[in-house]
Each structure stands twice: as structure tokens, then as C-alpha cells.
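Colleague: Here's the letter readout for the chains.
2 protein chains.
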Amino acid sequence: MSEIKEKACQAKEASRQMAKATTGKKNQALLAIARRLRAAKAQILEANRRDIARAGTAGLPKPMMKRLTLDEAKIEGMATNAEAVAALPDPVGEYIAQWRRPNGLLIGQVRVPLGVVGIIYESRPNVTLEAASLCLKTGNAVLLRGGSEALASNVAIVEVLQAGLTEAGLPAAAVSVVTDPDRRLALEMMRCNEYIDLLIPRGGAGLIKSVVENSTVPVIETGVGNCHVYVHREAGLDRAVDIIVNAKCSNPAVCNAAESLLVDEAVATTFLPKAAEALRSNGVELRGCAKTRAILPGIKEATDEDWAAEYLDLILAVKVVEGPTEAIDHINRWGTRHSEAILTNDYLAARRFMDEVDAAAVYVNASTRFTDGYEFGFGAEVGISTQKLHARGPMGLRELTTYKFVVQGEGQIRA
Amino acid sequence: MSEIKEKACQAKEASRQMAKATTGKKNQALLAIARRLRAAKAQILEANRRDIARAGTAGLPKPMMKRLTLDEAKIEGMATNAEAVAALPDPVGEYIAQWRRPNGLLIGQVRVPLGVVGIIYESRPNVTLEAASLCLKTGNAVLLRGGSEALASNVAIVEVLQAGLTEAGLPAAAVSVVTDPDRRLALEMMRCNEYIDLLIPRGGAGLIKSVVENSTVPVIETGVGNCHVYVHREAGLDRAVDIIVNAKCSNPAVCNAAESLLVDEAVATTFLPKAAEALRSNGVELRGCAKTRAILPGIKEATDEDWAAEYLDLILAVKVVEGPTEAIDHINRWGTRHSEAILTNDYLAARRFMDEVDAAAVYVNASTRFTDGYEFGFGAEVGISTQKLHARGPMGLRELTTYKFVVQGEGQIRA
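Residue numbers (the working numbering), protein chains in the order written: chain A, 3 to 417; chain B, 3 to 417.
Just chain A, same shape as in the assembly (with noise of 0.2 Å):
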């Protein structure tokens, strides 16, 4: 038997009792793993060294060692990290509704846990106290299949967080990390429905399209953001610069940042002048379509590269649209279905632009960088779903739940 199978079946063993734990034991054991967590710095900061020693003769790129690489500030930050989702409230046993059929039938629709989630990542060791205290607090067990250049710490980190486990009472099996790094087994992980309930691939475009290609077991699909600006005639042009800027260059590496930048015709050479300047001033390079270079001249010009990428560079593509109609018409063409906004004083306009534009969600004035478990106000984040089944946006604990209806009877049978 494979690790993956031998793993993966373990862990739906330990899932049942995850699934009947109390909020209060799997609090207890959150809390435990914060404090071993403390505690067992210097080993996880050892076994740390040693992937990097490894990683520095192999020649990983710099971003990825960046990533790699845990401090004292790291540890305490996935501490803090463990605690804080101790202190969420628990979705598992919520009735979502429950109500009476004509024939007496009591329904109840209750979250209960989807059982054991698949967590395919890379190089960043955080993820793995992340990802496995959100699963523990939701009752689901957890299989890791982080980066193999990651190992040495994510194993140190799956031993605190089993012998916080331990220390509850709960099964040690509900967290575990595959430690064999052939990369058939990541095949067999995507392919295990027996066991596997969920997978969620986290990291870049490449390894999220190769899980929902490859994959038989349900896949949550995170991740790319080609997100648009729209600057309507009735913008307030000042607060658009400012709300541009802040999408554009507050984090550019992240999903939600913004990547194209729509304006009406009706106000681009009043605007864009403007919005150049704090853009340029912040490092942003422009690439613009024919328009736009003649408001703004010596800028690149915008291909449908450029109106399909997502940069997650200091780089914006900007585009003079007619109207409402071309610019939603241009987002549901180019965009990732991620976040998308209009900046707005008109009504009609805004309500045009919530329900027509197909996207996770939709702002009217106010920045695309909102889109964020916290920022929504989940107290965690698991992730930011752009598909449409089962999770979509935002992923907070809830999103990690399914449910079950539970039907009371007094001996009714079917007609």
C-alpha cells in the first residue's frame, strides 16, 4: 500500500472522530498546539535550516527560498494563528433550517464536516499550520502534500500539531503529511475518492491547473485574479485615483490586486493624466490601448496578453471604454471571475454593473483588495474560490463544512 492510500485511510478512520469531537476538544487541542508550537521553536527553526541547506545546493529560485524560510516572528505568527481559530465559533452542528412536512416529518438540515480534506500546496510551511487548524476546528481531517524542498519543516510542524492532538484526546491521524516525494503519489492524492473527500490545491497557476486536470476527487479551485477597475463618467476622480492606487500597488502579488484599469471615454483625458502620475509615482508601468496612448503618449501598448494577464507586477493595462455596456462586456471577456469594481456616483449605473458582471464579487466603490476572508469578516480564510460549486469567493470555516439532513419521525411511511 501506497503512503498516500495508507495515509488517506487513516485519516477517514480519525475523521469519525473529528466529526463527533466538541467544539471544546478541538479548542483544547488548537490551544495545546499554539503552546507546543512556542515551545518546539528551536526544532522547527532546525529542521528549517535543513531544507534550506538543501534548498541553496539544489538552486531554488529566491522567491520560493523567501518563502521557505521560517524566523521566531514566523512561529509565533502560526501560534497566534492557531489561537485566534480556537476562538472562532465552530459552524459544525449549526441547523442551517429545519421545519415540519404536512405529514408530521420533523427536517433539519445540520453542517457537519465533509470528513478528510486534501491540502496540495508549495514551499511556504506556514500553510500547514494554517490549512490543519482550520480542518481540525472544522472536524475534518487533514492529509498535507506540501513541497518536498518544505519537508523537514512540515514534518516538525505535523509533530507539534499531532501531540496537540494527543494531548486532547483526539486521533493523532487527523493531521499527517506525505513524506514520500515521488511525484506519481500527488497523481494517486488527486485520485483517492475512497478517502479523500476535498482537495485543495494552494500555491501557483501551474500546480492549481495541473490538481483540477488530473483530478477525480472534488477540487476547490483557488487562485487567479484578473481584476478590473472601472472608472464610470461619474466617478469622484479624486477618490478614484486613490481607490486605483490602493488596488493596484497595496500588495500587487496577491489575487485580488487589480490588473486593468477601464475609464469612460466621457472623462479619460481628465482622469487618466491624473492617475498616471500617482500610478508612476508609485513604480506602476502602463500599457494602454490606442486611446489611451494618445491621452498618455509613450506608453506600451496593450495586447490581448496584456488584457488577459495577470501581472501580480507593478504593471496595469488601461483601456478608454464607451460606456457601461463595453466595459462589463470587456470583464466578462477578459476577467478571472474574481473581483471586479465601478467607481460610481451613478445609480443605474451601479446596479447595472452588480448584477450583470460575472465575478466572486462585485464592489462599487471601493477597492478589488477587499476580497479576503478576514476583510469580509470570516475571522480565517481558507482560501478564495473562483469557481462556482460549493464555494465561491472568500472561503471561511463554513466553506469547509457540508451538511446532512436529519428527518424525525413517529413511524411515517411513503405513500
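Which copy is meant is left open, so a pair is good if it fits within one copy or across any two.
30 Å max Cα-Cα, derived DSS-like pairs, lysine-lysine:
#: 1; residue 1: 7; residue 2: 211
#: 2; residue 1: 76; residue 2: 43
#: 3; residue 1: 14; residue 2: 211
#: 4; residue 1: 211; residue 2: 64
#: 5; residue 1: 76; residue 2: 64
#: 6; residue 1: 27; residue 2: 7
#: 7; residue 1: 302; residue 2: 276
Source of the hints: derived by calculation from the structure; they are not laboratory data.
With the hints as your guide, set chain B onto chain A.
Modeller: Same frame as chain A, but now just chain B:
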């Protein structure tokens, strides 16, 4: 461009119009469809006769022939069905929640259509009307691929659907049927992530398995039900006989029919002879474990295949268990997470069964046959999901929608 790509792309275009359509317009289309179905009875029956003649020559098995055959009553049933769907509340536009954040952002979570729903199904031409009505009501476009044996019937029904849409000013391309019988097109449909948002296979276990294994488009798995009725020692035994007879015999060919009976050892000698008499008088063949066979001599031995079987026939596997622990373990091991019932007057046993059995619907003192969209009060049924993501158990109109977040601000930017 293949027929799938072409029709799926047109469906995607049409889905944008459908998403904007008011409930009034969608109902107008459904009522026009009902009227036109009645007017087109002769043409539909004529097309159906052509399918039947061809299927007869090709030697289609009898049960499939029966499912393929339409008559006036079935067409009247389709028209009534379209009218019933028009009368249901429209889930689109419903606010699931709306809340204000400390920074003043108003965040609403609002139901929207999924987009394009693909249905892959077998012989029954009434599925064409049923699936399309539910998709239209929920503002989705639908791409249908029925069995090639029902093609002429399906085309005739889709013509009526399209005429009804056009009459209401909605795009005809919101409903289309794949006419090319090439099996490779089914595979192409399963991988058409660009245009299709959800696939629902409707038919036998083989069809569903093939779609789950080959599809990269998200799938809702429906169907297989290996359902149990567990007679606890504190069950009222006469009532228990009525329930098992109802669960097994009222419609043995459906997924919510019982396939196994579990009986507490403490009541086995009194209960089993009574139950066997009632079941046998309904034509049921029993297969049992060793303890069952000691009480009911002469019945066949039940093997692991029986514990796993979805007979869909008048056969029932019977096992004597020590008590709730063994019953729950058996169900969680062999069940298909569909519908499971305990019969008891014991409070703790009932609670434990509800908590620990992992199934879409868990019953106390009622027949498993109630797992059904109509019996649950949804007014419609898209199918019964046996998966955990997106929808579980009977699916009504809501389960054909997703949501988006609509975020309204006054210039908020992220700190």
C-alpha cells in the same frame, strides 16, 4: 469547431441573457412551453415513434424501450411539470445574507445562476423537459446530451422549449441538444470547462462513474443508494414491520429503497419471523448472516457482495447486530451515504444514530423512501446528490444556483 464547442459557446452567451431575465419572463417562457407541448403532442409522438422503430431494429433491451416510449399522458405530464416549475419561487436574486463591516462596507451574498449546466442522460425523453425547466427557472442555460436512441424525441421537445423561450423574448440558445451521436463528443463535453459550469449525469451507475472519472468540469454525482433500516431493540415492532416493508417494497427500483435490514440480537427472534412473513408476502427474497439464517432457516447466505449491493430489486440482505455500535459501523462501512434509518424509542440510541451515521439523510422512525425533493418540500427535484460538495441529498432549485458577493462602499481602500 465541434458541435459541443459551438453549442456550449452559444449557451454561454445565452446564459448572460438568462441571468438578467426577470422571474416574470422566465415564468412566461415556462407557461408558453406548457401550452406548446400540448399543441405539439402529435409531432412529438411521431418523432418518438421513429426512435422506437429504430431502437426496435437495433434490439434495445425492454426496460430501456419502456423508458424511451412516450404517450399522450406522459406529454401532458411534461406540460403540467413546466407549469408547476413556473409556480415555484425563484431562488435567483435572493439575499442569503447581508452585513456591514466596521469600515462601512456593506457586503451582500446574493444567489445567481451557475451559468451553463450540462446534462448527460439516458433513454428517458421526459428528462429533457424536466431538466430544462429547472435550469430555465434558475436562469441557467442548459446543454443536453441524451441517449442517441432518443434523439428524434429530444429534438422535437427541444424545438418546443426553444419556441417557448423565443415567445417570451428569451434566447433560444438557452436550451440545446447535442445531435452528433459520436461518443467522443461526450468526452469533449466533460472537458469543456471554458463554457460549461456544471455537469449532472442522470442514469445508471455506469454512466455516472464514467462522468465522474473523465470530467474536468465540476460534476454533481447522483444516485447510488445502498440504504439500511436498523431495527433497534426498543423499536415498536409492528410499526417496524410497516416501515421496512414500505422502504423495501413501495418502489424497489429507486435509490432511496432499503437494501439491507439490520436487527438487534435482543429482538431478532421475535421480529425477524414477523418481518420475513410480511416481506415474503410482498415477493421479497431474503439473504442473511449466520444468525439470521438460524432464525429464518432456508434463506440464502449473505456475502460481502450482498452487504455492498444496491439490488434495485425485491431482494433484502439481513444482518443481526449486537447493538448500535455494530449497526453504525456496518452502515458507515457498506453504505453509500444516501439514506439510513433507525427505528427506536430510545432517546440516546436515536441521537447517536443521527450524529454518527454519515449519510445525506438520516432517519429516526421513518421510511428511507422520503429522500426526495418533493417529499422534503422543495417543490422540484434536480436529483439526489450522494457527494458532499455543493449539494447533498435531494437537490431543489437553490442547488442550481451559486452566489456572488456584492460589496457597496463610499470610497473605501484597504489599509
